[in-house]
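Assemble the whole structure, with the sequences as input and the hints as a guide.
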Amino acid sequence: MKRTHVLSILIALLLIPSVAFAVGETNGRIGGTVTEAQSGAPVPGATVEASGKALIGSARSVTTDDGGRYELAELPPGTYDITISYAGVKPVRRRVNVRQGELAPLDIVWSAELTEAEVTVVVEERHLTKPDSTQTGTVISLDTSSKVATQREYQDIALQVAGTVDVNGGGNPQIKGGNLMMNRYLVDGLDITDPVTNTFSANINFDSISSIDVITGGMEAQYNSLGGIINLITAAGSDEWHVDSSLYIGNDLFSVHGQYGSQSFHGVVPLSKIPSASTQSYQANINVGGPIVKHKLWFNASVEYDYTEAGTPAGPPLNVQGPPRRFNGVLARLKLSWAPNEKHRITLSVSTDPSFISNTGGSNTRLPVAQSYQEQGGAFGILQWDWFISQKANFNLQTGFVYNHIYSGSQGYFSGIDNTGAASMFSSKNAQYNFNEPLQQNQIDGSIWYQGAAANQYDRRYRFQFDPSISLRGRAAGTHDAKIGIQLQYLADEFAVQPTGGGVEYIDGGANGAPLEAGLCNEATGTGGCFLKVVQQGYLQTFRGLSVGGYLQDRWKPHRRVTIVPGIRFDYGWSQDSAGRTATNLFGVGPRLGFIFDLTGDEKTILSMFYGRANDVQNMLPAGFGSPTPITNEYLWNPMTNKFDTKVGAFGGSQGVIYDPTVHEPPHTDEVTASIRREVFRNSVATVDYTYKRISNMWDWYEINRIWDPSGYRQLTDVNGNPLYANPALPQDIYKITTNHPAIREYQGVDFSIESRPTDHWDIYVAYTLAWLYGQAGEEFGGQVNGTSGPFFNPRQTVLWDGYLPEDVRHQLKVRASYNTHGFNVGTFIVFQTGAPLSHEYFQFTDGGYQNLRGPTGTDPGASPNNAHGFAEFRTPDLLEVDVRASYDFHALIKQHLIVLLDMFNLFNLRTPNGIEATDLPTFGQVTSRQQPFRFQLGLRYLY
Amino acid sequence: MDRRRALGLLAAALAAAAGCNPYHNLDGDFYLGPVDATKFPNSYLGAGFDGAGSVGTIAPAPAFVAGGAQVIYYGFPYGSASTSALRLRTEQAGTVVDREPIYVFDGDPTQDSKSCSAPANYVWDLQRDFVRFDRQGNVFQEPQGTSDAPALPGASNYVPIYAEVPVTSNGEDCNSVHSAEFLVTNPKLSLATTPPPAGTRRNPQGTPDGKYIAAALVDPRAMVLDEMGGLDSNGLGPQRWGFYNHYLVAYLEGGYVPTRTTTVAGMDGMPDTTVTQARAMLMFAPNTACNPAHPLDDTAPCFGTGNDVIDGVGSMSGARGQAGYSPVCHLLTYTPGANGPATDPSQIDMSTLDPDTNSFVYCLQLAQ
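The listed protein sequences derive, respectively, from chains A and Y.
Take 1 as the starting number for the first sequence in the numbering used here and just add one per residue.
Take 1 as the starting number for the second sequence in the numbering used here and just add one per residue.
Wrong hints could be hidden among the right ones.
Partner residues are not named here, just some residues of chain A that face chain Y (Cβ under 10 Å, in silico) [stated by the list, open to error]:
id : residue
1  : Arg714
2  : Trp772
3  : Tyr774
4  : Phe843
5  : Asn867
6  : His869
Under the rule of at most 20 Å between Cα atoms (straight-line distance), these lysine to any residue pairs were calculated in the SDA-like manner [stated by the list, open to error]:
id : chain 1 : residue 1 : chain 2 : residue 2
7  : Y       : Lys211    : Y       : Ala367
8  : A       : Lys647    : Y       : Asp50
9  : Y       : Lys39     : A       : Ala863
10 : A       : Lys296    : A       : Tyr248
11 : Y       : Lys39     : A       : Thr919
Simulated from the structure, these hints should not be mistaken for lab results.
Fair warning: this is a prediction, and the values are worked out from it, not measured in the lab.
Glycine included, C-beta positions come from ideal geometry on N, C-alpha and C.
Written out as structure tokens, the structure is:
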């Protein structure tokens, strides 16, 4: 039960949509050489000028060096017209699409004939081979994402990229072996990753995003992430006025209904009289951008309103249809771009994202009165300053703040309950919410009663970031494009807990236990399945952290065909818990080295290899978990006295957590990546990426005071049932927070992908990933993500924490494709992925929780549980989801961009289970959730 | 890069990936945690066991032996009333059905071997170590064939008696041996083995020395009380720890079982059958608070009330260590006289015995 309590807190923390050192690469580059056609000699002194709608201020120009080379750096993503001119010669013009963080290569072979022939702009988009980068992943633009049906969330877009999965369904991608708490989320260079949970902390208007760079590996030194980077660039204004407004309606009538059987092999229940919960969504957006002062000051303003309902088919143990999960949210954003002169460019933006979510607890184990609720949101502001000192040097500053909060707890406390129908089947206690009624968990069937949470939680988090950097370009044994920067962050958290039910929670399922409400404990009369009583108090914590990182990276091109990308970063992080104790004090060195070979000399066939280490020195989880709480006591039911008078456990208090003073090794990732990229035809690249990743020394905690019996299923006691502890003077749980343990995560994966825009009509991305993820460390601090206890809670169980990790998805196929012509567009996103591991979890007598394993993680012992060779992999079923968008732009008819859209989700109405009961309850193996049904939504979009 | 080279690189990458082993901890003679006792009968789970709430408690019962002395025994009824409870080994025309082996390390079944190799400077840490790593627990074997006796409680014909197979540890690491399958092929260990039957894919099996040991495998989670009804200062009971098929087992060791071997001549040309049976003590229990027609009844058994009287094999003393001791008791019920329950076999009026129901109790006394 202790774990359940702690885990519930963390799970709640994780629900916030989210650190680290990661300056965001918000710009792209255009570079290449200018040579003379006949001799092949470089053309020095040519002027290369770039102009485009995304570029505020005047056009940017550079001159080619002695080797004919040029590079236009720090260009905002977008389409640019490039003019190459030389005194007395007619200029050559090209058009290039620039993506953030990437080089758009543009080589010009100059001839008299060429200049004579140049009468029109030539479209040139051959940039997809990333000829000077080791980074894996891709950039998805607003233009691309608007052609396919999506949930219109950036987290959802990130999942379109090879090597990303989301087995938890919470919107935090797990990227190439990392878990959901290992990514960095950046918006215009500001790190908006949650300061504590390292998940995404903020939502942002989908239409205000101009492109999303998902970096899955091979990261330059400016990035520091154990998982991936999700780098968002938001839309700026321009010298032209633009309006983008849209309305999406997905009424419940547009959704297939029906109830389904409880087993994974069951289909629809054709004669079910249980009404289905509604599944519907509505969204309204308006985005306005334009000049305040032409060429000098632009703005972009955006507001989005979302309302969604997502129902879960009725299932065991309640078998009544619960209310749907309801989401209400408003996203607003304003961005100003200012170019006071050609040397300076400043952007300032602010965002806010309040949202309110009802019925978050899942509907099959809770009646409405026991539903949980969540209210979250916050604001962040970003200031970015680019100073173009010279052609060879520029300065960049990214600074800002993030505030977010999450309030969660019982639905009835925060908001009204939707009691339609369901409560009448049970006692009157379920008809109306009562703050003083204790939460009861019936372990017989997993049902939860009377409260959505044993405590309401109020969490406020803060981050301040200051990241200056200098980029230098020059020549020394080849060309160099170097960057040096410093990254400073200050983080803080305020966390308050308000117990419900008078601070009491019952865990039922004792000798007189029974399913559902009939099995609940009545302490006053001594009836029911009385087993364990948990008594807790409210508290307030504040903890903080500070980190400093410095990096140096170079892009050294000693030869036309060879690029070497060396880098190193130094990171220091410190945090303090709410008792003023130092929780973390770590230093890490992260070397990076990449080699990139242009195998065919035309930048069409690229081989890259990379090794890098990333250190996580800035994790606030230790300070969060280490901050003292009041002692929570657990009492076992005594059938002799008919009272909860046997104290069997205690945790928390000022001595409940200690920090390992010997920790010097920060959590870190060692990664080796090898990639081959080949332009197979025009604007189309085929890529094979191999990644090996090893994540070590993750933060975790050992319980060091309990003494377990040899089986590990009960804590040793004296003959009267009083638990024994290693330190008898302190009879409670004591956790030691440390990184000194052998548990690791290992990932091996191969991505095969094709990215193609062969013509303006087609936009295609196909990726297949074959991957393995295994090891002993599921998640930081003991597998909190999956609700299990982790390898170090119970030393008797440690040996079983070894196997496939929860995010191990063996096969993944993703297809994103769209075709448009004459205003018509049809786009689809298809994802197929094989099942993710679960672990059969068994009852553990001391805590009354289902925390013990009888086989390696990711397995089930099967019907013959004492057959050591008989355990089988235990996974969720394979999933296929097909989403389709069809749209028509009436521009040809009315000369206005009025677009009607039809989005169809889960086209084949596959209701494959995506949740399976894994605890050893009578409902083990039954379905806890299924894919959302087939549904469609209608959209209307107007672009000006 | 040509296509062949690219394919070669891809193949190498795939080969590397395919070589990954997700179960690092399960190499060699691995360990998988405690045995699953879900299907164990109640007496092996202990009183008060509730799968969703409480572990069971296994407590011993006192009994009287000849001379009025008191002994303490742990009683486990045989699931059905039958003399098959006594049958240990049957051999007919070379076909042997025997008890499952218990591999006893370094000669003394009454205690775990200390002849194995402990880690340097090892000090037992109860919190850290699930078993002592300066001892080697005995190993039980999973059934090898369908006709073999079950090795774990839960089957109706389970008998807590095993065929002893002596093993010499020769300094093997303590408690590194977790299964019979690895034990019999472990080159560091010395033991006699019998090849598996031709055509089977089984491992060799240890060759029993002809002795039988009573060992009741109890729920590893159970609280087992000692002879004083308590636990030691560590909260541990008198159960011992061993291994079965890579799992941890807890057991109460009841000593050697006296046996009797008889040969029954085959009829009508059938081969002779040689049967080895356990010799049982007699356990007399008063019938006052139970149904003598069903003396092993789960809810109100006739034995274990503190009034049992044990008459050892051959009417010798039934105390452990005495010649008349056997861990198998033939349960008989009687009507106590006016002076109440007997405290010595000689006090029982045999004319008050109830009809024999052929009920047997494994009445294990622990080594002192």
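Going down the list of hints, with the structure as the test:
Taken as an interface hint, Arg714 of chain A checks out: its beta carbon lies about 5 Å from the nearest beta carbon of chain Y, inside 10 Å. Because the beta carbon of Trp772 of chain A sits about 5 Å from the nearest beta carbon in chain Y, less than 10 Å, this interface hint is met. The restraint placing Tyr774 of chain A at the interface with chain Y holds, with a minimum CB-CB distance near 3 Å, inside the 10 Å limit. With a cut of 10 Å, the hint placing Phe843 of chain A at the interface with chain Y holds, because the nearest CB-to-CB distance is about 6 Å.
With a cut of 10 Å, the hint placing Asn867 of chain A at the interface with chain Y holds, because the nearest CB-to-CB distance is about 7 Å. The closest approach between the C-beta of His869 of chain A and any C-beta of chain Y is roughly 9 Å, which is under the 10 Å cut-off, so the hint is satisfied. As the CA atoms of Lys211 of chain Y and Ala367 of chain Y are separated by approximately 17 Å, the hinted pair is consistent with the 20 Å bound. In summary, the hint linking Lys647 of chain A to Asp50 of chain Y is supported, as the alpha carbons are separated by about 19 Å, within the 20 Å threshold.
Annotation: proposed proximity of Lys39 of chain Y to Ala863 of chain A holds, straight-line Cα distance about 11 Å (limit 20 Å). Of the supplied pair hints, the one linking Lys296 of chain A and Tyr248 of chain A is violated, its CA atoms being roughly 35 Å apart against a limit of 20 Å. Taken as a hint, the Lys39 of chain Y and Thr919 of chain A pair is honoured in the structure, with Cα atoms around 18 Å apart against an allowance of 20 Å.
Hint 10 alone, counting from the list given before, is not met by this structure.
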